[in-house]
Amino acid sequence: MGVVSRYWIWVRVIGLSTCQSIELKEVKAFFQQEFPQFTPGNDVSDRDIQRQLMLWLRHDDNRRQMAELCLRCFISNQLRHISITLEKNLEEKFGKTHDLTSNQILLLVLDKPRKIEEMPNFSNASTLINRILETFDTEKSNLSTWTTRIFYSDREVKNLLLYHGIELVTDWMILSYVTPVKLEKILKNNLCSAGEIQQSLQLLNAYHQIYRNQLLQTRKAGTKSRYPEPTEEQLRQIAEKLFPNRRNYPLDFLQDVRNKLQNIARFIREERIRIRQGITSVNPQDSWDNIPESNHNSEEEQSEFSRLYNSSFDACFTNAVKKIIEARITYFQAKKTAKYQKKLKNFVEAMHLFHCEGVPMTEIAPSINLTDQPAISRLLELKGLRNDIGRNTSLCLKQCILKLIQSQFDDDLPPDWELKVQNFLDKEIKTVIQEAEQEARNGQRQAMNSKMAKAICEYICHYLNSSRG
Amino acid sequence: MNNNIYDSMDDLIDNLFDLSDNIETIELEPEQCEKALQISQDIRIERKQWHVYLQALALFAFAEWLEKREPSLSISHTVHQEISSILKPEYANLINAVYNLQIGEFKVCLIPIISFSEDGVTIPRAVVDIAEFNNHFYIVIAVEEELEIAGIKGFISYQDLIKYKSQFQLDKDWTYQLSLTLFNHEVDELLMYLQCYSPGLIPLPAIPNNRQTILAQMQRQLVNLLPQLNNRQLWEVLTWEQGVAVLTNHELVKWLYDNSTENSQISALHLSDFITMVSQQAVNIQRWLDNQIDDVMQAFSWQMSPMRGQLSNALPSSIRESSNFSQELAGILAEIRRNLEIPNIANYFHQDIVLEVSLRIYVIVWSLPDDEWTLLVVLKVLPGNQIPYSLNLRISDQNEILVEEQLQPDTYHDYIFAQVIGNYEDKFLVTLTSSNGEVRTLNPFVFIKE
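If you're matching them up, the sequences are chains A and B in order.
First residue of the first sequence: 1, per our numbering; consecutive thereafter.
First residue of the second sequence: 1, per our numbering; consecutive thereafter.
So that you can see chain A by itself, here it is in the shape it has in the complex (with noise of 0.2 angstroms):
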């Protein structure tokens, strides 16, 4: 039941990144004369109208045009609910909102036209929007879960969604990892008796058989939905698995398998919460971190010592700017394909804006045509990309500063001497990593005056010099 403006109000995207609204003349004259019995603002029964619709969309020649845009503005409307909820539920369940906006989501997956007077249709809308309209069946959902269901299953909203830190778990991907001593064990855990779990474990078995080993073999034939729902067919095969004796297998028999598999999935994933919510953070690395620092002889060694420690560091840590830039630009340059090509692209323009000229990432992403700062983040990686440098330095140092030691003292030296110098050094290096992030997480417009920024701003001008002369 719903507002009967869906069926001519069109959703889109105009521009780079504006949604709008717009009410179809044409499309609404056609519904009210079509459906004269359904008036804004009552209800309507959204099964009668779609089924009515999608008749005339695959069998009336004169009404198919019209009827295909009354179902594609009640898509696009659904996509605008839909993506609104989200944002509002992500922000209840987990109390923060991981920078994913309804617009961002709608964005992605609602029609794009190129120009302003254009109508939706099937080259200028979105490929999701097209997918719902060609998979949709009016005896199996109405329009509306269907909607749902395809734009949850969609690889590029998975992929918006993941990159914000959210992930889909659906019951078909937590039923395929599961192994059967663990489910065993929840079952157990929630009471339920010896008879259940024989049976769950005997569906489980059957699941893996028929599930598993097709979704490889769906792979093969090049298809990526990820742990799609089970279809009627692989349905038939579990039960028949199960219930070998059985002459059929009608669809309420099947439709009762496929519950109870979500009921085994459920207690999975109540588990899996359960942990979630349970766990208390260790901190492993203790054991790396109890070893005394190096203590030096007298202040004369020390300052000859200090004078050949700075100036190593710095050729070490120049060398290791140089070093890890050029392996990333190398990294993309070996891909070879379009699209490595444009990442290095903006890699090395993106790296020259934030390190030499200041510009926060935010600003960076639509200058080089990226749609969010999260984008700008993946692409620079710059945590990685300091901790790189910064191992690379302190491996260098270590060699130089092995050699000095070993020049000026003639003793015996302690076993665990190189330990110790290597803590040294990651403790030194720290400090630098720890000055280029405080640096960049001030954000302002304006040139960056750390160390690693200084270094990494003078290698990108150098190669940007030498790669246009």
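Keep in mind that the hints are not guaranteed to be accurate.
To be verified - Computed beta-carbon distance windows for the label pairs:
no. : chain 1 : residue 1 : chain 2 : residue 2 : range
1   : A       : K335      : B       : Q81       : 16 to 22 angstroms
2   : B       : Q303      : A       : L201      : 57 to 63 angstroms
3   : A       : N263      : B       : P208      : 43 to 49 angstroms
4   : A       : A221      : B       : P369      : 47 to 53 angstroms
5   : A       : A221      : B       : K165      : 40 to 46 angstroms
6   : B       : K163      : A       : T179      : 22 to 28 angstroms
7   : B       : Q81       : A       : N190      : 46 to 52 angstroms
These are computed hints drawn from the structure, not numbers from a lab.
Here a beta-carbon is modelled for each residue, glycine too, at the ideal position from N, C-alpha and C.
Since the structure of chain A is provided, determine the placement of chain B on it from the hints.
Only chain B this time, still in chain A's reference frame:
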């Protein structure tokens, strides 16, 4: 229409989980996904294909990550070249992890999971509790294969793993359940350890040197239990100790894999022979051909004698004394030669045993063209003994029982013989069984060029 399948939509918000950490994502190339699929399809045991598929994806993801983050540690080339030896199918089937992956001097173990938001992980007991499968680091990799991305959820060193072992839950399917909170999520630190530290910091337990002895001790139990497998998992049939004995013998694991197709029954008799072959010290036939007598031969009480008329001064005098045996053997060989081509042989080996009656075993070895060799075994009842009711002579190689001969009282001869031909990879085991079921197994014979 109430009976349609798809209208029971759950509240999908329940399906959404948020990730506890920000994970660096690794993009998988479509070719890598295809390759993983192909590798999984090569696994003969269908229900294990899915696990191998995820193992391969985890391996590719990890290689990709190293390639990007620290090219000096890259294993892409190795993975490309040696994927099948990294994911040994016979083990991939038993231990759901990629283990003993060499990164520089470190060994790492990759454990695939299928969800980024998962907080628990299942680790095969083998990689925790068996020295052969212990690694310096254990790395959990989430694989989102539809989106073709993966991420490293965390890692833990062997010493920390053991430190927290009391917090793991041991399940009967030989797995540990543990929380991912025990893992280090700063995965960049893993790169640091791999690149800057030495594996000596994480000592791994030494491999016990009594594996073969224990396997030999368990032979009877295993011969009893393993044929009951019938497509079931090892843990459903064996105790953990028996499992360790099996898992630590690569040849036996391979034998089980080769013999566990959907419809074939494991032959207990051959299994018994096979376990003897892999758990007993073998005699290298090559030395026999060179007339060398070594400790192993003496330990197995083999005596070497020259054939009559071929006495050589090069041989020790003690051997010449046994020439009456050689006369006896020459007679037998003359008879055998009617059906079998036997070259003029310089030496033979024999020992006397008692199995219901006193018996003498002759073993004659000679080499054939094309790197092949042949073993002729003659079993003779010693004079003054009655020919037993039945006496069985069986020779097996690694793959099957090759020949079985039976000596019966109503036959004309007082001896039986069997001949087998092999090449350098082959191992033969000779087993004698008396009518009352008493069994005597000779040491396995191999031919190794030294």
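State the violated hints by number, sorted upward, taking the hints as numbered earlier in the document. Violated hints: none; all satisfied.
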